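Could you put the whole structure together from the sequences, leaning on the hints where they help?
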Amino acid sequence: MSTGPVSAAAPTVPAPAASRVVLPVSVPLAGVQAAAEARVPAELARLDQTRSFLGGAFQVRLSGAVTRTGTPTIVPDGDALVVRVPLRAEFQAAPVGVGAALGRTFGGAATVSLRLTPYVTPEWEAGVRASADAVWTDPLSVELAPGVKISVQSLVGGQVRAALDGVTAGIERSVREGLGLRRRAGTLWARVQRPWTLPLPEPGYALVSPQALEVTPFRLSAQEVGVTVGATFGLRAGLGRAPEVAARSLPPLASAPTLAPGLSLAVPLALPYADLSALATRSAAARPYTLPVPTGPVLHVLDVRLTPAGTRVRAAVRAEVRGPLGLRLEVTTDVTGSPVLDPATQVVTLRDVSVQTRREGLSGRAVAWLADARAQEYLSRAARFDLTPALERARSSLAARLPFSPVPGLNLDGTVGPLRVTALDVTPQALVVRAAVTGTLRAEVQAGALK
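Counted the way numbering that gives the first Met the number 0 counts, the sequence shown spans residues 0 to 450.
Hints listed in this document are in silico derivations from the structure and should not be mistaken for laboratory results.
Fair warning: this is a prediction, and the values are worked out from it, not measured in the lab.
Cβ coordinates follow ideal geometry from the N, Cα and C atoms, glycine included.
Among the hints, erroneous ones may be present.
[What the hints assert, rightly or not] Across the chosen pairs, the derived CB separations fall in these ranges:
# : residue 1 : residue 2 : range
1 : Pro-307   : Ala-253   : 38 to 48 Å
2 : Asp-371   : Ser-404   : 57 to 67 Å
3 : Pro-291   : Ala-259   : 53 to 63 Å
4 : Ala-168   : Pro-417   : 55 to 65 Å
5 : Ser-396   : Ala-168   : 50 to 60 Å
6 : Thr-294   : Gly-239   : 46 to 56 Å
7 : Glu-124   : Thr-70    : 26 to 36 Å
8 : Pro-209   : Ser-404   : 16 to 26 Å
9 : Gln-158   : Ser-404   : 46 to 56 Å
So this is what it looks like as structure tokens:
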């Protein structure tokens, strides 16, 4: 950032630096696990029927069920989540008629794996795509007689698959609704665009210029599945009441590897000319000047009155010349120039000045004294004032009111460092300065307000 003088001589409005608020959106894995447990039924398949084998020569009555035998577990696996559910199949096969003694009890165990792959669509919809697979283990089949072999999968594979399809659809819906990405992103986008009220001594606001709305890739951990949404914008500060602003619609999806919050805020301060005049008077009165002429009369500043003059400032410097033998002359000099601030000292002086002494009641000798270049330089320096006290009052006011909500759903918090003046603007009512807030000020989203 430039450390050169800040001037109002050729006012320009720099583009606001980017700010960003972020909103983590997540679904706890405990919730996904609960959704899986609620949707995986205790019984996935049931069988009670008679089937014919060997061209109808051999009939077998089959009965039994496939049941869940444990609690679903969920673990991250690369770019997906895997939910595992243990199953157990128990069946009885009883030949009808001749060969009834060949009846058998058999079964099998299986682990159902639900693979949940997160996604975000260009329409700001987020969720998981679920796929399910059941892996059966010993014993997979039983042979009742030569040529009569019955497998678990052939008996209930279709029913188990249908049940799992229902489970995956339910989990997809649960995660999609739990994330509610489009709804939350839209609410965040609308909220950050509202004009911000600022906690300043005088009414102030910041207009928001939205720049981007982005989302990170999904993050998967042992605790949650989620994304982070970030709204990037600029802030332009002003005094008074904020104008009405039409909100922009939700922009197309944009992605970013990471999104870090940050706030770049400049606050406006209106400094009345009467207050600045008092500052300038105190400063100048403490610095008398000895005129470089015989007898060494001394020039004392009595009063400095600052007023606007277009984009410049006029200082009416009322002074007194005191010298030997009771010399006492009162003079008024008009000093007009462009205010410029030294960032290192926070002192405002006038640049490109014109100095005009009012001649009424002055002798030619006194006019000549004041026309000296060194005397005019002294008088031009009388129109100087230090902004440090005003900036410190504004800093203290801002810090004292944190945390602060500039719009519903957002909080300003952190620590406030010194204010750094970035612009000066001469207005009819006051000298308006814009001061960047240093420190660790941040804007935080109240996630509960965006649900």
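Here's how the hints hold up against the structure:
1. A beta carbon spacing of about 45 Å between Pro-307 and Ala-253 agrees with the range 38 to 48 Å that was offered as a hint.
2. In this structure the hint that Asp-371 and Ser-404 lie 57 to 67 Å apart at CB holds, the actual value being about 58 Å.
3. Checking the proposed 53 to 63 Å range against Pro-291 and Ala-259 shows it holds: the Cβ atoms sit about 60 Å from each other.
4. For Ala-168 and Pro-417, the Cβ-Cβ distance of about 58 Å falls inside the hinted range of 55 to 65 Å, so the restraint holds.
5. Against the hinted window of 50 to 60 Å, the Cβ-Cβ separation of Ser-396 and Ala-168 comes to about 56 Å, which satisfies the hint.
6. The hinted range of 46 to 56 Å is satisfied by Thr-294 and Gly-239, whose Cβ atoms lie roughly 54 Å apart.
7. At roughly 30 Å, the beta-carbon separation of Glu-124 and Thr-70 lies within the given 26 to 36 Å, and the hint holds.
8. Separation of Pro-209 from Ser-404 is about 19 Å and conforms to the stated range, judged on CB atoms against 16 to 26 Å.
9. Checking the proposed 46 to 56 Å range against Gln-158 and Ser-404 shows it holds: the Cβ atoms sit about 55 Å from each other.
Hint check: no violations occur; every hint is consistent with the structure.
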